[in-house]
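S.K.: Line order of the protein sequences matches chains A and B. Residues 0 to 496 (numbering that gives the first Met the number 0) make up the first sequence, in order. Residues 0 to 135 (numbering that gives the first Met the number 0) make up the second sequence, in order.
To be clear, the hints were calculated from the coordinates, so they are not data collected in a lab. Each hint should be verified, as a subset may be incorrect.
In silico DSBU-like links for lysine-lysine, alpha-carbon gap of 35 angstroms or less [stated by the list, open to error]: (1) 50(B) <-> 455(A); (2) 89(B) <-> 30(A); (3) 87(A) <-> 224(A); (4) 59(B) <-> 87(A); (5) 224(A) <-> 324(A); (6) 30(A) <-> 59(B); (7) 30(A) <-> 334(A); (8) 45(B) <-> 455(A); (9) 45(B) <-> 30(A); (10) 149(A) <-> 89(B).
Some chain A residues well away from chain B (every beta-carbon gap over 10 angstroms; in silico) [claimed, not checked]: (11) 18; (12) 25; (13) 89; (14) 92; (15) 113; (16) 146; (17) 239; (18) 313; (19) 391; (20) 393; (21) 477; (22) 480.
From the three backbone atoms N, C-alpha and C, an ideal C-beta is built for every residue, glycine too.
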Amino acid sequence: MARTFFPFENLTPSPASFSLLPFRFTRLNGKELIVNEAGEFLIAPNGTVQQLADQRLDTGSELYRDLKAKQIVFDEASSPLLDQLATKIRSKFDQINGGTKLHIFVVTLRCEHSCHYCQVSRQTTSRGQYDMSTGTADRAIELMMESPSKEITLELQGGEPLLAFDTIQYIVPRAKEAAKANGKHLSIVVTSNLACVTDEILTYFRDEGVKASTSLDGPAFLHNKNRPRPGNNSYEKAIEGIERARAILGYQNVAALMTTTAASLGHVKEIIDEYVRREFHSVFLRPISPYGFAIKTKQSTGYEMDRFLDFYKEGLAHILEINRKGYRLSETYTKIVLTKILTPHGTGYVDLQSPAGEALNVLVYNYNGDVFASDESRMLAEMNDLTFRLGNVHRDSRRSIFLSEPALKMFQVACTQSLAGCSDCAFQAYCGADPVYHHATQGDMYGHRPTSGFCKRNMEVIRHLFSLIQENDPETMRILWSWIAGQTEKREPSLCA
Amino acid sequence: MEAPDSASSEASPKIAVKVDLSVTGTESLMKACYWFSVDFVCEIHKTEETKAEVVLRPRKPASPAELASRREDFISSVLDFALRERIEAKTASIRDLLMAKALSEAGILEDEPQGVFGDAVEESKTDGMFKILGNA
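Model the full assembly from the supplied sequences, consistent with the hints where possible.
M.R.: Below is the structure:
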C-alpha cells in the first residue's frame, strides 16, 4: 500500500544520497514486505531490500518516494521528520503507559459446569471455603487502586462467580467507592455462564453498571458437548441467560466468547452462524488455551495448531461473506491484529503485547489472596505450578509484587525485541511475547519460536491478513476497515464463563 | 554460497551446503539453522578460515526432491538473514536513538545513546526530550 500523496519535500530535487532507517522484512507472495520500527509497511518489488542495503536505489523513483513516505529511508530533506517517527513508536507502546489496567478477581472456584477445557480445577458448588473472603477482597481492592492507571477494569470471575453473588455484592460498591476516592474511572464486568442468573441479579448489575460476558461455543450439539452440566442443558441455559441479560442490561452490555475444541474444528460455519442467529456482531475464533484442566483432557480437546489455522481461515472467509451479504460481524482477533497493522495505535489486548501483558497489563487476585501475572498463570497454579505467583494480597505491596523474583524472571523475557526468532521478525511490531504460554507448553519462559504454537498461530494469521491486504479487494478492505475504524480493542474478558 | 555439494544418499539422507563466511556470517547461518531445527538436526563445521559447511539431517524421512527443495529454502533463508545483518549494521545506532526518544518520558535510560543531538530549546529543559538529527 503506497501513501496517498507525497509530502512537500518530495517536490524538491532528488537527493544525492539517502540513509536507512531501521526496518525488518520478509517475503510475501513474490514481493518483499518491509516494516519500519513503528509498524508502517510497504509491499515492495522483490530486490528492493538488496538495493537498499547496497545504497543503489534511484532517489528519483516512485519506489524511493514510497520508502521515504513510510520512513524506511530518509535524506537531508526528511531528517527533521525523525522525531515524528519516534512519536509514532511511542504511540505503538502506549499500552505500557499508566500501569496495570485489568484486574481479575476470582471470587470463587465453585462451578456447576464441568467443561472439558476448563482451565480451573473447579470445586463443587457447596464448598464455601473456595470463595474470596471479605478481608481478601478489601486488600485486593486496595492493591488494584494502587495501580497508576486512571482507567481500571475489574473483572469478576470464577469458577462461576454468580454462585458467590454475595461476594460480588460486597466487592462492587467498595471498588466503586475506592475508585471515586482515588480519581479513577472504573469499569466492571462479570464473566458468567449465566446458567444460574436471575432477574434480581441482573437488575443489580444494571443498577451498578456491571457488564456481562458469557460463553457460547456454537450450536446446541457443540456447546453441550464442550460444556457439560447436570441436565445436559448448558446451551439452553446460556441462550436463556443471554436473552434475559440483554433484556435487562441492554444488548451492548452482553458479550459472548467461544473456545475452539477438537470437536469444534469441523464446524466453524455453524459456530459463526449461531452467533449471527443470536444477533451478535463479533465472534472471537479462539484456540483452546494449553493450560490447566485443558492439558489433563488433551485427548478429548487438543489439536495441532495447523488445524486451528485452517479453522480460522475458513471462518474468516465465512465472516467476510456474511458481511458482504449485509450483516455486520467482525472477528475479534483479526480486528486486534489489523488495528496494529493498519493504524498508528497499539491495542490493549493483553495476550499480544511486547512487553508481554502479564502483570504489566493484567493482575489476577485469586480467591485465597494469591496474586498471579495472568489468568493463565493462575490456571497453572491450579495444576500445582506456582511459577507465576507473584505474591499474596495479605503480605505484599504493589512494589513487592512487581519486584518479586517470578515477576523479574518473567520481565527478562517479555520483549520480542530481544528474543531469538522475534528480534528480526518482520511481524514484530504486530506480535507479542508470552512467557506464560511458553513456560506452559515448552517448559521454558523464553520459548523456542520454531516449535511454538503461539509463534505459528500469529505468524500465519498475520501473513494471511497481509495476503488479504496485498490482494486489495475493495470490498474486503472496506469490511476490514469498518471493523477497526474508531476502535481500540480491549482484552476480551475472560477465558471461562 | 557455493553450488550444491551433496543432497542426499540412500544411507544417510542429508543436505550439505558449503558457505563462504566472507559473504554470509556465522550469525546468519545460526539464525537459519534455528528455524530449520524443527525439521532438521543442524551442524555447522568450519572447514577453513573463511569457509564453513552446514549439514542438515532430516528428523523424518524425506524424499530427494523434498530435500532439494528444502536446500533451496535454506540458502534463501541464509541470504535473507545476511541481508538483515547488513541492514542492522547500518541502522542500529539510529534505532537506539529512536527508541530512546520514544521512551524518554519513562525516565528509564541509564546511558545517553550515541548519536547526533540538537534542539536547543528541548535541551535547555531539565526534562526535555532530545532531538534526533541523524545517524551517529
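S.K.: Run every hint past the structure and note whether it holds.
M.R.: Evaluation of the provided hints:
| no. | hint | result |
| --- | --- | --- |
| 1 | 50(B) <-> 455(A) | 33 angstroms, holds |
| 2 | 89(B) <-> 30(A) | 23 angstroms, holds |
| 3 | 87(A) <-> 224(A) | 47 angstroms, violated |
| 4 | 59(B) <-> 87(A) | 46 angstroms, violated |
| 5 | 224(A) <-> 324(A) | 31 angstroms, holds |
| 6 | 30(A) <-> 59(B) | 31 angstroms, holds |
| 7 | 30(A) <-> 334(A) | 24 angstroms, holds |
| 8 | 45(B) <-> 455(A) | 32 angstroms, holds |
| 9 | 45(B) <-> 30(A) | 34 angstroms, holds |
| 10 | 149(A) <-> 89(B) | 41 angstroms, violated |
| 11 | 18 | 6 angstroms, violated |
| 12 | 25 | 8 angstroms, violated |
| 13 | 89 | 4 angstroms, violated |
| 14 | 92 | 7 angstroms, violated |
| 15 | 113 | 36 angstroms, holds |
| 16 | 146 | 16 angstroms, holds |
| 17 | 239 | 47 angstroms, holds |
| 18 | 313 | 25 angstroms, holds |
| 19 | 391 | 28 angstroms, holds |
| 20 | 393 | 31 angstroms, holds |
| 21 | 477 | 32 angstroms, holds |
| 22 | 480 | 27 angstroms, holds |
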